[in-house]
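Q: One letter stands for each residue in the lines below.
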Amino acid sequence: MTDAFHIDVPHTDGALAVIALSGEFDIAAAPAVRARALELIATGHTDLVADLSGVTFCDSSGLGSLVGIWRCAKDADGSLTLAAIPDRLSRLLSVTGMDTFLPAYSSADAALAARQGNRTTA
Amino acid sequence: MPPRDQVRQVLAAEDLVDMAGGNVPSELCAQVGEQLVARTTKVVTFAFSPITAPGCGLAASTMPVRTTKLAVRSGAPARSVGFRRAGCLVGAFLGGMSETRNMPEQAILPAIAPSEPLAVSVEAARMAAVRRYDILDTPPDGAYDRVAALAARLFEVPVATVTIVDEDRIWFKAAHGLEGVSEIGRDPGLCASAVLSDDTTVIPDTLLDPVACSNPLVAGPMGVRFYAAAPIITADGHRLGTVNVLDTRPREISEADASTLTDLAAVVRDQLELRLSALHVIRAEQEKRQAEEEARQRAERDKAAIAAFASTLQRTLVPPALPAVPGLELACHYKTASPQEVGGDFYDVFPIAGGRSAFFLGDVCGKGAEAASVTSLTRYTLRAAALVDADPTAALKALNTALLLDAAVGTRFCTAVFGLLDPARDGGFTVTLATGGHPPAYHLSPDEGGGVRVEAVRAKGGMLVGAFAEAAFASRTLHLAPGEGLLLYTDGLTEARTVDGHMLADTGLTDFLAQRSAPVSAGALIDDTVALLDTLPDTERDDVALLALSVPTADAAPAGITTTAHSAAAPTAPADASVGQEIRRP
Numbered sequence: 000m001t002d003a004f005h006i007d008v009p010h011t012d013g014a015l016a017v018i019a020l021s022g023e024f025d026i027a028a029a030p031a032v033r034a035r036a037l038e039l040i041a042t043g044h045t046d047l048v049a050d051l052s053g054v055t056f057c058d059s060s061g062l063g064s065l066v067g068i069w070r071c072a073k074d075a076d077g078s079l080t081l082a083a084i085p086d087r088l089s090r091l092l093s094v095t096g097m098d099t100f101l102p103a104y105s106s107a108d109a110a111l112a113a114r115q116g117n118r119t120t121a
Numbered sequence: 000m001p002p003r004d005q006v007r008q009v010l011a012a013e014d015l016v017d018m019a020g021g022n023v024p025s026e027l028c029a030q031v032g033e034q035l036v037a038r039t040t041k042v043v044t045f046a047f048s049p050i051t052a053p054g055c056g057l058a059a060s061t062m063p064v065r066t067t068k069l070a071v072r073s074g075a076p077a078r079s080v081g082f083r084r085a086g087c088l089v090g091a092f093l094g095g096m097s098e099t100r101n102m103p104e105q106a107i108l109p110a111i112a113p114s115e116p117l118a119v120s121v122e123a124a125r126m127a128a129v130r131r132y133d134i135l136d137t138p139p140d141g142a143y144d145r146v147a148a149l150a151a152r153l154f155e156v157p158v159a160t161v162t163i164v165d166e167d168r169i170w171f172k173a174a175h176g177l178e179g180v181s182e183i184g185r186d187p188g189l190c191a192s193a194v195l196s197d198d199t200t201v202i203p204d205t206l207l208d209p210v211a212c213s214n215p216l217v218a219g220p221m222g223v224r225f226y227a228a229a230p231i232i233t234a235d236g237h238r239l240g241t242v243n244v245l246d247t248r249p250r251e252i253s254e255a256d257a258s259t260l261t262d263l264a265a266v267v268r269d270q271l272e273l274r275l276s277a278l279h280v281i282r283a284e285q286e287k288r289q290a291e292e293e294a295r296q297r298a299e300r301d302k303a304a305i306a307a308f309a310s311t312l313q314r315t316l317v318p319p320a321l322p323a324v325p326g327l328e329l330a331c332h333y334k335t336a337s338p339q340e341v342g343g344d345f346y347d348v349f350p351i352a353g354g355r356s357a358f359f360l361g362d363v364c365g366k367g368a369e370a371a372s373v374t375s376l377t378r379y380t381l382r383a384a385a386l387v388d389a390d391p392t393a394a395l396k397a398l399n400t401a402l403l404l405d406a407a408v409g410t411r412f413c414t415a416v417f418g419l420l421d422p423a424r425d426g427g428f429t430v431t432l433a434t435g436g437h438p439p440a441y442h443l444s445p446d447e448g449g450g451v452r453v454e455a456v457r458a459k460g461g462m463l464v465g466a467f468a469e470a471a472f473a474s475r476t477l478h479l480a481p482g483e484g485l486l487l488y489t490d491g492l493t494e495a496r497t498v499d500g501h502m503l504a505d506t507g508l509t510d511f512l513a514q515r516s517a518p519v520s521a522g523a524l525i526d527d528t529v530a531l532l533d534t535l536p537d538t539e540r541d542d543v544a545l546l547a548l549s550v551p552t553a554d555a556a557p558a559g560i561t562t563t564a565h566s567a568a569a570p571t572a573p574a575d576a577s578v579g580q581e582i583r584r585p
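Chains as they are written, first to last, in numbering that gives the first Met the number 0: chain C, 0 to 121; chain Z, 0 to 585.
Derived from the structure by calculation, the hints contain no laboratory data. A few of these clues could be false.
Listed next, the in silico EDC-like pairs over lysine to aspartate or glutamate satisfying Cα-Cα at most 16 Å (straight line) [stated by the list, open to error]:
1. 73/C with 38/C
2. 459/Z with 38/C
3. 396/Z with 292/Z
4. 73/C with 186/Z
5. 302/Z with 292/Z
Since we're looking at a predicted model, the values are computed, not measured.
Isolated chain Z (complex conformation):
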């Protein structure tokens, strides 16, 4: 407790006028040293928490009051010890008042300007800072324990603590000489009061301090008689808690000791700052990792979505399942060179009006996705055209027009064979075959020796589809009798290289076909042709599409039974298909 004359000095005219709202006895003010006032270097605003000092008018107000404080940084060093402490200032002030009794309680009480909102906001900001440092209820930490132990040793006191003041408690981050205690209530007088000031609090004898005397640590079994504390002040000015030294006997400490305590509090502050920045780094790292993880998951989801979309789209590009055409055996083979299973080859068989069916097979110039988009356009155009006009040359003409209307005109064209199947009386079919620049289909018919005769079905004048506006298409009609077959293919077959490096070519294909025996079965024809392809090296270079039609003989296919075994299989390709996915039917 500072001596009375100091008390009077601290009550610099301005302070007192401010605190008491101007109603201050002049004799108090008169004793304020001129020199002290002149040396005032900084004015700091702070708030008092409710103080309950019995018999004390000001404390009894329980109102936080706003005041200013002198000589914070420098000024009169000898006096500043006492002045720097908020609690002490109040105590000294009150002590001074009560001792001088020059000012009636009632005279001063109403004059104190209540400023509760300010105190509340200061405490709220302080608590926000406490939470920001995220130190409450953390496990013991050697750094803080050492500060407490060091304080105890330096001050030669039995108890030294590092405390953080929470909303409703005082939590011990480190407690030297107080084993087993982790927190105490926020009773005024000691820590709870010390944390309200930027200055070091020193209470040489707690029993003489009007507030501290009733603190449980003082009044209780522990019997604290000496208390000193330095607030732990963050860089932005928030007091998180205090570094405290306690003794069971009264004592005085020097200003140098008080500075030491301040330094220890600063060490704790630095430690907390380091910890906070480490936390920031860790949190930033965690956030980064989380963001990366989220990005990765998003990318995977996107990838899956794209794959699903591509798969759906791809199914529209792959030739559909062959339909059942009464009296006809159908078989096909489809393989793409691209791993995406989309290609430039296409085929389709579908029923049209009048019990007839139409079929086509072709090859879009190019490979992969680019070609596939034309493939799709081509397929739908031909299907639509056949519904309008079943004439095969008309269908190719429509396709030619459609492709020429396309934005990428001149680069997207195809070769195609389009056929119309009209059931004939003999159980066979009349086939009208139009060609648009496509290699000839092969007509296989039994010869006298049990073998087959192979005839290239050429239509004179058929041109590339989609390349020339003036393109002409020609058609030919043939009869597909029972036992006979028709093979349509793309150049992936005829341009396949044999082991000696030569292309299979038309001659190779006709030779191969000529070795077959009658009657012709579409299924067997495709099977064997695929087997031939499998013997050739490097066939994954190009797309290949094969379509075979055959009319079963009466004994092979009893009347009334549709022979669709080879077209019954679903065309869906496995999703994980790799390069050169092959779709074979059957």
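Just chain C, with the same shape it has in the complex:
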């Protein structure tokens, strides 16, 4: 029932990096996500796009790591953008009010395009 959690970085471009998550984003996965993202930020990829299309479940720990990443990106004058948020996670982000802080796009490409200054997809 528990999917193996995967973290990929399919795309980097200057300060931009896409971090794609798939599986159950819970307390078991959260530390690794956080660590990977902070590593990207530390290596100059301060504008992160989290592709959440593969996330089947997200609990408070998952949200926690998103908040942590958002903070670190902000401290590095960067940003965290969410892309392809599954419905349930979308509701969770809404309930927790996180959607007001984290810009969201329908897909990673849309998020990238927006981050690159082409704001037509927002």
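Assemble the complex: chain C is given as a structure, and chain Z must be docked to it using the hints.
A: Same frame as chain C, now just chain Z:
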């Protein structure tokens, strides 16, 4: 007893000068063989114990005297037999003096340099060694018995013994031919004298020996006439006792025999050394075991102390007992995923000013001890905030600030629902509910058909608490009339998986609640919700907290009676709780 010429030879000029303080008749010295003096290889210092030889000037002094001795190791072998023996040396010396009568007693006595402190310290060190070997009063031991038997056989004597000289007695470690004797007094002449020398003592005829002649073994019924002894000398030079051979008739022994006796004493010495090292090993082992035992006990005490401390601390983390709120029925359920019974879920109900009460329920991000520390901070912050400003959004704001001030900022945040209960005229309550990113509470109210209507109480704009400095919190007000109830929960309930692997989710929960009948009772609501959780597999994965409030109808709760049955139970958890300790109230 050595012949007179030997006696004179042993009195080498230096010795005599030393012993007599320089006042030695020259004719004695003159007879000392030049060769003997030239062969002197080692000078040994030893002490005499008090000697009481009647008619003997030197012995009468009863003073230990310091002297030196010649030819200890080699030198003139033919002469050394006699020279090697302290007692004999004295005897010979005295004999020589008394026979030659060349030296008046008074002339020599004052000249002897008393050195009692030295003798005392030597004896003290010797006794320390005796005690160190811890051999006194030990049971018979075959090894020593064999040495005694061997000595008796080799020397063809009726009695052979292995003795240890104690402070005031001579104790027999082995006694061949002396059955039933375990110790004798430390009378001079035999063992007591022999133990004072590094050399083998030989007294061919005790009756001719001025000291030995009065020893009880000689003068008494046993009538010892021949005595020879070799001291048992430890590696560090202490004489513990002697190996002795005794006969009832006088006899001479050869130097080879004397060496044999020395060897037997060495065997005893080796045996004692072996025994001592074995004792050391055993003692070291015992000490090690003792140290290990002490360490183990200390560890257990520490463990118990830590457990007691953790238990005390844990009680501050677990939600407290629910108070009695007049006109309100309260019930709750609390279960942690961690075996330490600390978790990230929290709730509380407490009275505030103006007859009002406040309550909150929330969920700290994370689990276990890490989450519990935030839980604690959260609970106390909310309680304190409510005392300052009863407005629920203000309380969440205060919590947000407190969490952001925390050192681990950004990693510690929570979702929470905070409510204010204001008694209403109809017996119900006006509830002001603020939410900080928490799933909606459910308001259950009777519908026309005897069932309940389930409404999610959402406050638009409530955000995660402790994550964003700019976070905003919103509140909503609702009326909780008699017969109605409110259910607050953490995601441990809605994220619980059903048998088919799906989460219960909001829909599952609302469906479950919608099946209930009116009026709503907080106790029954919690009972049934817990029963629902119990039907779900794998619910020990997450912390779960449930809090239900209901206003009893007039007929269910006569005026003046507070309905607190479900909150009366103490929240204390059993100390030996295992994984997923469940605290249920009632």
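Q: Does each hint hold? Answer for all of them.
A: Hint check:
A threshold of 16 Å between alpha carbons decides the hint, and for residue 73/C with residue 38/C the separation of about 14 Å falls inside it, so the pair holds. As the CA atoms of residue 459/Z and residue 38/C are separated by approximately 35 Å, the hinted pair breaks the 16 Å bound. Taken as a hint, the residue 396/Z and residue 292/Z pair is broken in the structure, with Cα atoms around 55 Å apart against an allowance of 16 Å. For the given pair, residue 73/C sits about 100 Å from residue 186/Z by alpha-carbon distance, which is inconsistent with the 16 Å threshold.
Restraint check: the Cα-Cα separation between residue 302/Z and residue 292/Z comes to about 15 Å, which is no more than 16 Å; the hinted pair holds.
Comparing the model with each numbered hint stated earlier shows that hints 2, 3, 4 do not hold.
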